[in-house]
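K.L.:
The lines below spell out each chain.
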Amino acid sequence: MSRRPDLLRPTVSEPAQVARAPYSLQTGFLSAFFGGPFAAALMLGLNAWRLKRLPRDAAWALLIAAAFTAWLAFTQQTEPGLALQARLVELGGRNAMSIAARLFALLACVGTALLHRREQRSADLFGLQRPNGWGVGIALIVIGWGASHLLASALA
Amino acid sequence: MTDSPTRQALEQKLLQAPFDLELRHDYANLLLAEGDTAAALAQAELLGQQQPAQARPVLLRARILLAARQPADALTAYTRARTLAGFESDDALEALGASAQSSRGPQLQVVGGRAVSAEVVAIQQVREEKVRFTSIVGMEALKKTIRLKIIEPYLKPGLFERFRAQSGGGILLYGPPGCGKTMIARAIANECNAGFISVGISDVLNMWLGESERNLASLFDKARAEQPCVLFFDELDALAYSRSKAGSASSRTVVNEFLSQLDGIGRENRGLLVLAATNMPWDVDSAMKRPGRFSRQIFVPPPDAAARQAMLEIKLTGVPVDGAVDFGKLATATAHYSGADIDGLIELAKESALATALEAGAGASEHAMSAGDFDAALAQSQASTLDWLRTVRNVVKYAGEDASYKEVEAYLKATKLL
Amino acid sequence: MDAAEPLQPSSAEAYARQVGELLDRRRSAQARNLLREALASFPDDADLLLQGARADALEDRNASAIETLQRVIARQPDHFGAQAFLLSLLTEEGELAEAERLALGLIGAHPQSPDLYAAYARVMLRALQFPKARALAQEALHLHPENDFALRVLALCDVIELPRGTDSTALRRLLAEHPEDQHLLSLVVTALLQNGDQRAALRGAREMLRQHPDSPHWLNLVQQLSVQNHWTMKPMWPLQRWGWTGSVVLWVGGVVGLRVLGQVSPALAGPASVLWLGYVVYSWVWPPLLRRWLLR
Numbered sequence: 428m429s430r431r432p433d434l435l436r437p438t439v440s441e442p443a444q445v446a447r448a449p450y451s452l453q454t455g456f457l458s459a460f461f462g463g464p465f466a467a468a469l470m471l472g473l474n475a476w477r478l479k480r481l482p483r484d485a486a487w488a489l490l491i492a493a494a495f496t497a498w499l500a501f502t503q504q505t506e507p508g509l510a511l512q513a514r515l516v517e518l519g520g521r522n523a524m525s526i527a528a529r530l531f532a533l534l535a536c537v538g539t540a541l542l543h544r545r546e547q548r549s550a551d552l553f554g555l556q557r558p559n560g561w562g563v564g565i566a567l568i569v570i571g572w573g574a575s576h577l578l579a580s581a582l583a
Numbered sequence: 052m053t054d055s056p057t058r059q060a061l062e063q064k065l066l067q068a069p070f071d072l073e074l075r076h077d078y079a080n081l082l083l084a085e086g087d088t089a090a091a092l093a094q095a096e097l098l099g100q101q102q103p104a105q106a107r108p109v110l111l112r113a114r115i116l117l118a119a120r121q122p123a124d125a126l127t128a129y130t131r132a133r134t135l136a137g138f139e140s141d142d143a144l145e146a147l148g149a150s151a152q153s154s155r156g157p158q159l160q161v162v163g164g165r166a167v168s169a170e171v172v173a174i175q176q177v178r179e180e181k182v183r184f185t186s187i188v189g190m191e192a193l194k195k196t197i198r199l200k201i202i203e204p205y206l207k208p209g210l211f212e213r214f215r216a217q218s219g220g221g222i223l224l225y226g227p228p229g230c231g232k233t234m235i236a237r238a239i240a241n242e243c244n245a246g247f248i249s250v251g252i253s254d255v256l257n258m259w260l261g262e263s264e265r266n267l268a269s270l271f272d273k274a275r276a277e278q279p280c281v282l283f284f285d286e287l288d289a290l291a292y293s294r295s296k297a298g299s300a301s302s303r304t305v306v307n308e309f310l311s312q313l314d315g316i317g318r319e320n321r322g323l324l325v326l327a328a329t330n331m332p333w334d335v336d337s338a339m340k341r342p343g344r345f346s347r348q349i350f351v352p353p354p355d356a357a358a359r360q361a362m363l364e365i366k367l368t369g370v371p372v373d374g375a376v377d378f379g380k381l382a383t384a385t386a387h388y389s390g391a392d393i394d395g396l397i398e399l400a401k402e403s404a405l406a407t408a409l410e411a412g413a414g415a416s417e418h419a420m421s422a423g424d425f426d427a428a429l430a431q432s433q434a435s436t437l438d439w440l441r442t443v444r445n446v447v448k449y450a451g452e453d454a455s456y457k458e459v460e461a462y463l464k465a466t467k468l469l
Numbered sequence: 005m006d007a008a009e010p011l012q013p014s015s016a017e018a019y020a021r022q023v024g025e026l027l028d029r030r031r032s033a034q035a036r037n038l039l040r041e042a043l044a045s046f047p048d049d050a051d052l053l054l055q056g057a058r059a060d061a062l063e064d065r066n067a068s069a070i071e072t073l074q075r076v077i078a079r080q081p082d083h084f085g086a087q088a089f090l091l092s093l094l095t096e097e098g099e100l101a102e103a104e105r106l107a108l109g110l111i112g113a114h115p116q117s118p119d120l121y122a123a124y125a126r127v128m129l130r131a132l133q134f135p136k137a138r139a140l141a142q143e144a145l146h147l148h149p150e151n152d153f154a155l156r157v158l159a160l161c162d163v164i165e166l167p168r169g170t171d172s173t174a175l176r177r178l179l180a181e182h183p184e185d186q187h188l189l190s191l192v193v194t195a196l197l198q199n200g201d202q203r204a205a206l207r208g209a210r211e212m213l214r215q216h217p218d219s220p221h222w223l224n225l226v227q228q229l230s231v232q233n234h235w236t237m238k239p240m241w242p243l244q245r246w247g248w249t250g251s252v253v254l255w256v257g258g259v260v261g262l263r264v265l266g267q268v269s270p271a272l273a274g275p276a277s278v279l280w281l282g283y284v285v286y287s288w289v290w291p292p293l294l295r296r297w298l299l300r
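Top line first, the protein sequences correspond to chains H, L and B. With this note's numbering applied, the first sequence closes on residue 583, and no number is skipped along the way. With this note's numbering applied, the second sequence closes on residue 469, and no number is skipped along the way. With this note's numbering applied, the third sequence closes on residue 300, and no number is skipped along the way.
In short, the hints are calculated from the structure, not lab data. Virtual Cβ for every residue (Gly too), placed ideally from N, Cα, C. Be aware that a few hints might be false.
[Said to hold, decoys possible] Here are the simulated DSS-like cross-link-like pairs (lysine-lysine), alpha carbons at most 30 Å apart as the crow flies:
| no. | chain 1 | residue 1 | chain 2 | residue 2 |
| --- | --- | --- | --- | --- |
| 1 | L | 207 | L | 340 |
| 2 | B | 238 | H | 479 |
| 3 | L | 448 | B | 238 |
| 4 | L | 401 | L | 64 |
| 5 | L | 194 | L | 366 |
| 6 | L | 457 | L | 207 |
[Stated by the list, open to error] To be clear about the criterion: a stretch of chain H counts as covered by chain B if any three or more of its residues have a C-beta under 8 Å from a C-beta of chain B, and this derived list gives those stretches:
| no. | stretch |
| --- | --- |
| 7 | 435-444 |
| 8 | 510-520 |
| 9 | 525-538 |
[Said to hold, decoys possible] FRET-style restraints, in silico, Cβ to Cβ:
| no. | chain 1 | residue 1 | chain 2 | residue 2 | range |
| --- | --- | --- | --- | --- | --- |
| 10 | B | 170 | L | 261 | 43 to 49 Å |
| 11 | H | 436 | L | 298 | 28 to 34 Å |
| 12 | H | 554 | L | 307 | 22 to 28 Å |
| 13 | H | 493 | B | 66 | 44 to 50 Å |
Whole structure, please, built from the sequences with the hints as guidance.
P.N.:
See below:
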């Protein structure tokens, strides 16, 4: 008799419960770089769905989207935010805000990479077939960039 | 010689059914009966290639050789036929054998003429044609290497000891399949005037627990008892499969026994020359290649141009070939071809010639193989050794930090594959 | 040497053993010939069919092997060898739901078998269920502390889970006992790559290529690492060592650094921008060009 009978309960009894290989880190980082924080959040959600851990990771994706929305709202609609924006533009030039958004997206991506580190390593180790990142990557870039600009315009 | 109506009829039938072995056999017998021994021999050789494990074609060859007044070769072929399936005795050849035995004394089965105990039944003790280095055309560099590294140290151990040069131990011949490693091993045995015991995987491996190791030990003991003797292991990668890759304990214990025997601890291995051949040297256990075991490895490349030209000439003896066919050019065009590839090329050329003859309506015997037939054959065939050479090229190019494949590297560079 | 122990009188068994010996030595063609002969006399023998499945698996015909094993099990549901082999093939093929069902059934029938716990752990690892995989491997070791299979699975867990630079105790133990084991060496190369030790990984990969010259995996890896270890790739070291995180840091450093430089020393900002841009272009363009040149 096993000391741990809980280990002998089925975990992947249906094929639909089996995790699939996530999109590659390259797809994630490029989508985030060009698509911004919303693209990074969507990428996290998409990978979490493929890895069958959406309930666990959805909160992180929402947090990224919410944090960026809050940042935009802060810097576009509040006095301290507007002052901060002016200071950043003074220091970093006209593109300071978009650089800041990009940095935020990349940091979110680094966080995602750490969150899914084991899964990414396993996919490499077991030679799992990665999904093609081109179509999804371009879609995320378009959606992310579009959403960022729409939101920024709406809040301005 | 004009063709009889029966011969023409058989030739016609063969054109329509070239793979009918019975028909070809009848044709060969007819040629023999008509005294055309050269043509009969060619047919017998073709049958031998198509039925390598059968005694019948070899028996036929022996009869033809006897008719061609080559009793020694006839006897050799007859002896070989004894070891194959479907052997039936021939009175004339039996009588020849009996007279040869009474005049020479020793048994025919073992090179060197020593009697063999019946205990070790599984050993293949075969003496085929008396192959010597003179029988192997071309391959001069290889023959020189073998003479210096294997034959002379064996024949003159004292000389090598004076120079403190390495001698003894085993030698591993490696290279692409079908390039004559086994034939070279036989030639070495004959050059060394030693007995020859050839061992295949089926001679060692046994379904009974522990018997594989026992078989291996018996082989070595037998060879030691027959000294001077050459003990040749074919497909060494199967017998001594790398223990780091092997999944089963039994393959490891066989390798352990092999290593113990090679080390000859408590036993005398001096008069014993151990040779081995393999197409996959990377699958041979690494301990087998250490000093005192198969530390010397010799690359056996595909036949060079001179050897290929000689093969073409010999294999096409008795076959109608147009005088314009340039064997030298053919040899150049068949770079990296093994002996089997040359056979395949010749068969394709023959099919092309036969097809042409059929279309032209001429009798098969009137149409000679032309350069065009060989060109057509070349377009359809390629060297089977290229796969092996490309595999090893990857190792040489990307992982060749040690000296394991220096000879292969030199060959690849010389033939512009690297 | 012990005296030979004759097997119980059953020629099918003898054939199966002989075929097994040939397959152990990768002699598929000879094994198949013998198998054909054996199956002509014993067409339904489970052990022979199992060897047939092994021969198929050796030739990468896993689907055919699985089908054969399922037939064997349908006739002989208790055939352990067939079930165990089927479990390993299903895991390899990613049929994890079925593999799990089989593993649980086998463990139910053989609750004291550490190998079965380890096999189930491997299924869980493949299903990316890391805590459960590790727990199962440890359960196997609890049943038998030196179980080789369990240690291998634990070593796999370590390579996947442990932070960079951390050694795997299980891997070290296994290597001490089997210093030339090909699977373990393969795992070592993977661990080295994950730790960013490209040079050592290249040495390991070259050794593996020497052992398996016909392996496209090792050839590709050696080619890739040869490119990455080329002297002209030395400036890429931060990117090779830290991957995409390194890229992010370099980008941030470049943007911030150039901005600061523009305010502190405008004369240098221009050349620095060119250098930084040049490095970005170099990092994208040079590796594929180098690869094409080195592998021509």
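K.L.:
It remains to establish, for every hint, whether it holds in the given structure.
P.N.:
A quick look at each hint next to the structure:
{"no.": "1", "hint": "207(L) - 340(L)", "in the structure": "holds, 24 Å"}
{"no.": "2", "hint": "238(B) - 479(H)", "in the structure": "violated, 39 Å"}
{"no.": "3", "hint": "448(L) - 238(B)", "in the structure": "holds, 22 Å"}
{"no.": "4", "hint": "401(L) - 64(L)", "in the structure": "holds, 16 Å"}
{"no.": "5", "hint": "194(L) - 366(L)", "in the structure": "holds, 22 Å"}
{"no.": "6", "hint": "457(L) - 207(L)", "in the structure": "holds, 27 Å"}
{"no.": "7", "hint": "435-444", "in the structure": "holds (count 8)"}
{"no.": "8", "hint": "510-520", "in the structure": "holds (count 3)"}
{"no.": "9", "hint": "525-538", "in the structure": "holds (count 6)"}
{"no.": "10", "hint": "170(B) - 261(L): 43 to 49 Å", "in the structure": "holds, 45 Å"}
{"no.": "11", "hint": "436(H) - 298(L): 28 to 34 Å", "in the structure": "holds, 32 Å"}
{"no.": "12", "hint": "554(H) - 307(L): 22 to 28 Å", "in the structure": "violated, 34 Å"}
{"no.": "13", "hint": "493(H) - 66(B): 44 to 50 Å", "in the structure": "holds, 46 Å"}
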